[in-house]
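Following the hints, position chain C against chain X.
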Amino acid sequence: MLIKSHADGFQHAVSSDITPHAVYNRRRELLKGLATLAAGSGLASWAERAAFAETRWGARPGKLAALGAQASKVAGAMSLDKVTPYKDASSYNNFYEFGTDKSDPAANAHTLKTTPWSVEIEGMVKKPGKFALEDLLKLSPMEERIYRLRCVEGWSMVIPWVGYSLAELIRKVEPLGSAKYVEFVSLADPKTMPFVGSRVLDWPYAEGLRLDEAMHPLTLLSFGMYGEVLPNQSGAPVRLVVPWKYGFKSGKSIVKIRFTDKQPGTAWNKAAANEYGFYSNVNPTVDHPRWSQASERRIGEDGLFAKKRPTQMFNGYEAQVGQLYAGMDLKKFF
Amino acid sequence: MRTLVNRWLMQGWFKPTLFLLCLLPAIWLVFGAVTDNLGANPAEALLRATGDWTLRVLCLVLCVTPLRTVSGLTALARTRRMLGLFVYFYAVLHLLAYCWFDMGFEVADIAKDIAKRPFILVGFAGFVLLTPLALTSFNRAIKALGARRWQALHRLVYAVAVLAVLHFFWMRAGKNNFAEVAVYALILGALLGWRLQRRLRGGLLLDWLRSRFGRQIERPRLPAGREI
Numbered sequence: 169m170l171i172k173s174h175a176d177g178f179q180h181a182v183s184s185d186i187t188p189h190a191v192y193n194r195r196r197e198l199l200k201g202l203a204t205l206a207a208g209s210g211l212a213s214w215a216e217r218a219a220f221a222e223t224r225w226g227a228r229p230g231k232l233a234a235l236g237a238q239a240s241k242v243a244g245a246m247s248l249d250k251v252t253p254y255k256d257a258s259s260y261n262n263f264y265e266f267g268t269d270k271s272d273p274a275a276n277a278h279t280l281k282t283t284p285w286s287v288e289i290e291g292m293v294k295k296p297g298k299f300a301l302e303d304l305l306k307l308s309p310m311e312e313r314i315y316r317l318r319c320v321e322g323w324s325m326v327i328p329w330v331g332y333s334l335a336e337l338i339r340k341v342e343p344l345g346s347a348k349y350v351e352f353v354s355l356a357d358p359k360t361m362p363f364v365g366s367r368v369l370d371w372p373y374a375e376g377l378r379l380d381e382a383m384h385p386l387t388l389l390s391f392g393m394y395g396e397v398l399p400n401q402s403g404a405p406v407r408l409v410v411p412w413k414y415g416f417k418s419g420k421s422i423v424k425i426r427f428t429d430k431q432p433g434t435a436w437n438k439a440a441a442n443e444y445g446f447y448s449n450v451n452p453t454v455d456h457p458r459w460s461q462a463s464e465r466r467i468g469e470d471g472l473f474a475k476k477r478p479t480q481m482f483n484g485y486e487a488q489v490g491q492l493y494a495g496m497d498l499k500k501f502f
Numbered sequence: 025m026r027t028l029v030n031r032w033l034m035q036g037w038f039k040p041t042l043f044l045l046c047l048l049p050a051i052w053l054v055f056g057a058v059t060d061n062l063g064a065n066p067a068e069a070l071l072r073a074t075g076d077w078t079l080r081v082l083c084l085v086l087c088v089t090p091l092r093t094v095s096g097l098t099a100l101a102r103t104r105r106m107l108g109l110f111v112y113f114y115a116v117l118h119l120l121a122y123c124w125f126d127m128g129f130e131v132a133d134i135a136k137d138i139a140k141r142p143f144i145l146v147g148f149a150g151f152v153l154l155t156p157l158a159l160t161s162f163n164r165a166i167k168a169l170g171a172r173r174w175q176a177l178h179r180l181v182y183a184v185a186v187l188a189v190l191h192f193f194w195m196r197a198g199k200n201n202f203a204e205v206a207v208y209a210l211i212l213g214a215l216l217g218w219r220l221q222r223r224l225r226g227g228l229l230l231d232w233l234r235s236r237f238g239r240q241i242e243r244p245r246l247p248a249g250r251e252i
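Chains as they are written, first to last, in this note's numbering: chain X, 169 to 502; chain C, 25 to 252.
Hints listed in this document are in silico derivations from the structure and should not be mistaken for laboratory results.
Heads up, some of the hints might be wrong.
Listed below are several chain X residues computed to face chain C (Cβ distance under 7 Å; list not exhaustive) [claimed, not checked]:
| # | residue |
| --- | --- |
| 1 | 256 |
| 2 | 260 |
| 3 | 323 |
| 4 | 364 |
| 5 | 368 |
| 6 | 439 |
| 7 | 442 |
| 8 | 461 |
| 9 | 466 |
| 10 | 472 |
| 11 | 475 |
DSSO-like, lysine-lysine: derived pairs with alpha carbons at most 30 Å apart [to be verified]:
| # | chain 1 | residue 1 | chain 2 | residue 2 |
| --- | --- | --- | --- | --- |
| 12 | X | 430 | C | 199 |
| 13 | C | 199 | X | 499 |
| 14 | X | 475 | C | 199 |
| 15 | X | 476 | C | 136 |
| 16 | X | 438 | X | 281 |
| 17 | X | 294 | X | 306 |
| 18 | X | 250 | X | 231 |
| 19 | C | 199 | X | 500 |
Computed from a prediction, not measured in an experiment: that's the story for all the values here.
Note that the Cβ used here is the ideal one computed from N, Cα and C, for glycine as well.
The shape of chain X in the complex, shown without the other chains (with noise of 0.2 Å):
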């Protein structure tokens, strides 16, 4: 008999007992695995997608110093799509401090000095003072996110920021009941800073949030990208992201935060207020008064020829931020 069965007393092993038990106790994961491998990107949301970000976007540049994290698990935080390559997120950039050209701050950004670094923490709260990025650094485990860039200039990127909710530094600074604003000061240091002073727009530059915005858990206090530090240009040593609005509302190189009870005035707001909002939510229904906000040139991906993407509301985070502006005409608060 080559088929053994139990008439003839075969005992069938349980599978647990021929399954290498490391594999067994990864079963789901596998299953999840294969499912996202199957179904591709339409149907795998579902699915965990913690066992495949760590590879998700290939090796580390090898540029500067590891910042190691751990995928996140806030909800939204984890994009499945395509990531930019880092020789684009990092040649790419807007930081007027260092010129207005896209090229100018890889360029430029070498001056500035990242050691030694703090951020002072003042305003309507009930622990105010400053923090060593030492000591940001250690305040919660970093975690890896990976979101959505949409400038409004009509672009956009995907990139891998290591980091943690803003949430968290601000439980720890514990804001008076009075405070209904976070405004975001960042570096305005005129010696390493070359167009600092350029009257492109008033310095420092200056970002705020609703308190309620700068508590969501998408709001990320960022350190680092593509597993290491991040690089001058993209705002090292300690920068916002804020990925629902458009990027300049992600302050970068950040040195002060201050809590207020009144609407802070915002960089790009007091130059063009017709332009510039102070919400600025990515919103493909509301255009720029000089060009259409409906679609958008993923950076890198998008070929020549490639027609562009269509935006998406809240660039793509309208569940998780959606509620924050219930009842809100955003044609309005723009």
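Coordinates of chain C only, in the frame set by chain X:
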């Protein structure tokens, strides 16, 4: 010296060389696009570069007459048509880049965009005004129109210069970044100013105004001994 340069400009190789020089930016851009050397956003690079080169060649073509008059290099007149057509060439590429890379050739979107955005409208108006100039650039058109009418038509290039600077200004206005705009505005302003000043001094403007609006316009009294 002047005759030497003039003779030089009349040489058979001069115009082909100028042609190639004017074509060089376009060649360089195509090469850059094919070899992926235009940076992270090649579409934007092409759009901007073609706009820049339209403005630059426009400055060049408007230089021809002042340079010819001041220097007496009459042979420069031979370059004017070619340079003018290169302005149109780069303007066409610029418009094409916009329609293709920015708009994906969606005609409805393009029409909406032109109507909605003053900055696009101004650029497009400049292109529209340039078109009859390009279409009437050959000798038979000049003959058919008659020199005077042809010349009057081709004065549209002054309006194009103003629209081009306005288009560029508006594009940069949102970023309060006017350094480059100022350079072009200064150059084109000087070139148009030179023409205006010559007309005013020559009294031609007054003659023209008078022929248009009758005799209400008085010729200003000139200092004794000064003749027009």
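Hint check:
1. Hint status for residue 256 of chain X relative to chain C: holds, with the closest Cβ pair at about 4 Å, below 7 Å.
2. Contact between residue 260 of chain X and chain C, as hinted, is supported at the beta carbon level, the nearest pair being about 4 Å apart and thus within 7 Å.
3. Here the hint on residue 323 of chain X is kept, as its CB sits about 6 Å from the closest CB of chain C, short of 7 Å.
4. The interface hint given for residue 364 of chain X is violated, since its Cβ lies 14 Å from the closest Cβ of chain C, which is over the 7 Å cut-off.
5. Satisfaction of the interface hint for residue 368 of chain X is found here, the shortest Cβ-Cβ separation to chain C being roughly 5 Å, below the 7 Å cut-off.
6. Taking 7 Å as the C-beta contact cut-off toward chain C, the hint placing residue 439 of chain X at the interface holds, the least distance being around 6 Å.
7. Taking 7 Å as the C-beta contact cut-off toward chain C, the hint placing residue 442 of chain X at the interface is violated, the least distance being around 9 Å.
8. At a threshold of 7 Å, the smallest CB-CB gap from residue 461 of chain X to chain C is about 12 Å, leaving the interface hint violated.
9. Given hint, residue 466 of chain X at the interface with chain C, is violated; its Cβ is 10 Å from that chain's nearest Cβ, farther than 7 Å.
10. Because the beta carbon of residue 472 of chain X sits about 5 Å from the nearest beta carbon in chain C, less than 7 Å, this interface hint is met.
11. Given hint, residue 475 of chain X at the interface with chain C, holds; its Cβ is 4 Å from that chain's nearest Cβ, closer than 7 Å.
12. At roughly 26 Å between alpha-carbon atoms, residue 430 of chain X and residue 199 of chain C fall within 30 Å of each other, so this suggested pair holds.
13. Between residue 199 of chain C and residue 499 of chain X, the direct Cα distance comes to roughly 22 Å. Compliance with the 30 Å bound is thereby established for this hinted pair.
14. A hinted pair counts as satisfied when its Cα atoms are at most 30 Å apart, and residue 475 of chain X with residue 199 of chain C qualifies at roughly 26 Å.
15. For the given pair, residue 476 of chain X sits about 17 Å from residue 136 of chain C by alpha-carbon distance, which is consistent with the 30 Å threshold.
16. Pair hint residue 438 of chain X plus residue 281 of chain X holds up; C-alpha atoms about 27 Å apart against a cutoff of 30 Å.
17. This hinted pair checks out: residue 294 of chain X and residue 306 of chain X have alpha carbons roughly 21 Å apart, not beyond 30 Å.
18. Between the alpha carbons of residue 250 of chain X and residue 231 of chain X the distance comes to roughly 21 Å, so the proposed pair stays at or under 30 Å and holds.
19. The suggested pairing of residue 199 of chain C with residue 500 of chain X holds, with an alpha-carbon distance near 22 Å, which does not exceed 30 Å.
Going down the numbered hints, you'll see the structure goes against 4, 7, 8, 9, while the others check out.
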